[in-house]
Amino acid sequence: MLTIENARVDMGDFTLSADLHVNRGERVAVLGPSGAGKSTLLAMIAGFQPLSDGVIRWQGTVMPNDPADRPISMVFQDNNLFPHLTVAQNVGLGLRPDLRLTAEDTSRVGAALARVGLGGKEGRKPAQLSGGQIARVALARVLLRDRPLLLLDEPFGALGPALRAEMLELVGELAAETKATFLMVSHNPEDARLMSDEVILVEGGTAHAPVPTPEIFANPPDALRDYLGG
Amino acid sequence: MMRSGRTDRPIWVSHWPGLLAVLLLVVLVFGTLVAVILRADGGRGLGPSDWAAIRFTLWQAALSAGVSVVLAIPVARALARRSFPGRRLLVTLLGAPFILPIIVAVLGLIAVFGRNGIISAALGVMGGEPISIYGYHGVILAHVFFNLPLATRLILQGWLSIPAERFRLAASLGMGPRDIARTLERPMLREVIPGAFLVIFLICLTSFAVALALGGGPRATTVELAIYEAFKFDFDLGRAALLALIQFAMGAGAALIAFRVAIPGDMGAGLDRAVQRWDDTRAQRVMDVVAVTLASLFLLLPLTMVIVDGAPGLLTLPASVFQAAARSLMVAFGSALLTLALALPIAALVVQRGAWLVEGLGYLTIAASPLVVGTGLFLILFPFVKPSDLALPVTAVVNAAMSLPFTLRALVPALRQIEKDYGRLADGLGLHGLTRVRLLWLPRLRRPLGFALGLAAALSMGDLGVIAMFAAPDGVTLPLQLYRLMGAYRMDDAAAAAVLLLGLSLCLFWIFDRGGRVNADD
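Chains as they are written, first to last, in the numbering used here: chain B, 1 to 230; chain P, 1 to 522.
Just so you know, these hints were derived from the structure itself, not from any lab. Small disclaimer: the values here were computed from a predicted structure and weren't measured. There's no promise every hint is true.
Subject to a maximum C-alpha distance of 30 Å in a straight line, what follows is the list of computed BS3-like cross-link-like pairs (lysine-lysine) [to be verified]: (1) LYS232/P / LYS420/P; (2) LYS179/B / LYS121/B; (3) LYS420/P / LYS125/B; (4) LYS420/P / LYS121/B.
When you get a sec, could you build the whole thing from the sequences and use the hints?
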C-alpha cells in the first residue's frame, strides 16, 4: 500500500498537500486542471520533489531518499530515452545503471523488447524510432525494472488517439503481468474512464483521496465538473 | 523542479572534485599573490619608470578600448542592416582573433604598417617618409586589431537584439534614419557600449605579448612588460614582485567596476541574420560599404601578408622551429586536458550550487594576470627546482586557468540543459557518480566540450606570456621562438614560423571542435 501522510510541498506561492493512500494493485488516474500540481504529486512520490512536511511510505516503510532506491518505475511526458544510447542500452539501464550487462542481461533485454513488439530493434537509436516505438522502449524498461509502483506522467500526450489507446492497453497488460500498482496523470478524462479503478483529483492545492472511478464520474465534485466543462 | 538555476534535488555527482578544482585555482591565484607580497620590495617605493608604466598601462587600455568601440559602431551597424554574400563568413572571421596567436598578428601588422611594410612602400612611391610601428601607437594599433572584432560582435548583438517588429513599427510611422537612431539605436548603444568598453579595457590591461613585441622603452612599457623586464634583465625579484602587486591591484579594481556593469556575453549565437529595414538611403549604403570594406581589409590584410611572406619558407625552416612546435603542441594538449579536468567538475558544482561561481572565477582570472601568477610560481619554485625545468608544465597550468572562464561559459549552460532534460530520468534509474558522467554527461556534452577544448588548446598554442619568463634557451615554445626570430631580424624565417603557428592553432581548434560534432546524436 502507498501511504502519503500529511505530505506538503512549498514552492514559492505554490503549495500542494496530500493525505491519502492507494491500495496495492489499484489502477489510479490523477486528474485536475493544468497547473494544479498533478505532476508535482508524482514528483513527490518519486522523490524528485523534497517534502516540506509529512512522509510517504510503501508497505509501511518510509521511502528512501534516493529516487533510484524507491520501489518505483517512472515514465515521463518526454525525454524517456537517452538519445545517444541505443534502444538496447536504454532498456538495459533498467537492469544495471552502469550498463555492464551480462549475456543473460542482454537476452532479457531482447525478451522485453520482443514483449512490447520491438524485437530486432536493439541497435537502433531513438532518433530512428517513431513516437509510439519510443513509448514502447520506455515500457520495455519498466518491464525489466519490475518495480511494484508505476508512475506515468502524461506519458502518451504527444501520440494520436488511436496510438494512445493502444499504448494504454499495453500499459494495462504490463501492469497486470507485473502486478504493479499504477498512478497515471492524464489530461483526458476518457483515459481515466477506460482504464482506472480510482481517481485522485488534484485541485486547489490539494490532492484528494482516491474515489472509485464510476462513482466520481456519476457524481462529479464541483472542481471536476468545472474541469470537465459539464 | 528547476528554479533559479539550481535544484533542490539530492546530489547526483560528488562535489569534491569541483571544490578541489576551485581550491586549486584559488591557491594558484592567491597563493602566488602571497608569495609575491612576501617578496615585494616596498623599500624604494615606485620609481619614475614604474609610474610611467602604470600611466601607460591605463591610458593605452582606455584608448585601445575607446578606438575599438568607436570604430566598431559603423561596422556593426552595416552588418546589422545588410545582407550580402560573405556576410556570414565575415561574422565568423570576427570570432577568429580569439584563437589567433598574438605574435602572428603582430608580425602581420608589421608587414602592413612597419617600416618595410606595404603602407610605407606606398608612401615611399609618393615621396613620403616610411612610418614606424614600434612604440605606443603600434601597441594601440595591435590592440584595436584584436578587439575591433570583439567590439563589433558585441555591438552587433545589441543591434540584433532590437526586435524586428520595432523597425516595422518605425517604418509604418514613417520614421527616417535620424528618428530611428534616436528612438531605437542610441538607447541600445548606451546599454551595450559601457560593457564592451570595459571588457576590452580589461583585456588590454593585462596585455603582455603586444607590448613585448611592439612596445618597450620609457613611453610604451606596460606594467606586465615591466614585471618581465625586472625579472628577466635585472633579476630584481623584489621590484618584479612589487610591480606584480600593482598589476593585481589594477586588475582587481577594474574587475570590481566590471562587477557593477553588465558585461555582455559573446558566444556568437544568432548573429547570422540581418534585420530588414525600410529607412535605406544612398548615403547609408555608401557608409556601410566603406565600413565593411575597410574593416575587412584591416583584419584580413595582415594575415594575408603573413601567409604570403611565410608560406614559401615553410619547408626550409630550421629544425629548432619544429622542435619548438612540438613543445607547443605538448603544452597545448596538456593545457586542454587540464582545462577539461578543472572545468567539468567545476561545471558540475556550478549546476548544483548556483551560477555565482562562474562569475567569481571569471573575475578572479581577469584580476590575476598570467605574469603575476608566473612571478609567484617562480618565487615559490625557485628554491627547490630549476624553474626552466618546469617551464612547460607551468605554462600549461597557467594557460588552463586562464581559459577556464571561456570553457565554463560553454559547458555550464549545456550541462544545465542536460540535467533539465534528463536529470530526473537519470535519477530514477540510479545513474550516480561516474556512471552519470560516463553515460550521460560526456556523450551529451560532446559539442561544447569539443569547442571548449579547441579553444583551450588554441589559446595555449599561441600563448606568449609566462613561457617568456621561464623558458631556457633550448626549451622555447613556438610563439617564443617566433619572437626570437623577429628579434634577430630573420623576418623570412619568422614569417614561415608564423604560418606554421597559425596553421597549428587553427588545426587544433578545428580538430577538437570537429571531434565534438562528428556523429553527435541530438
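Hints, verified against the model:
1. LYS232/P / LYS420/P: violated (51 Å)
2. LYS179/B / LYS121/B: Judged against 30 Å, a Cα distance of about 27 Å means the pair holds.
3. LYS420/P / LYS125/B: holds (21 Å)
4. LYS420/P / LYS121/B: Distance ~28 Å between LYS420/P and LYS121/B Cα, so the pair holds.
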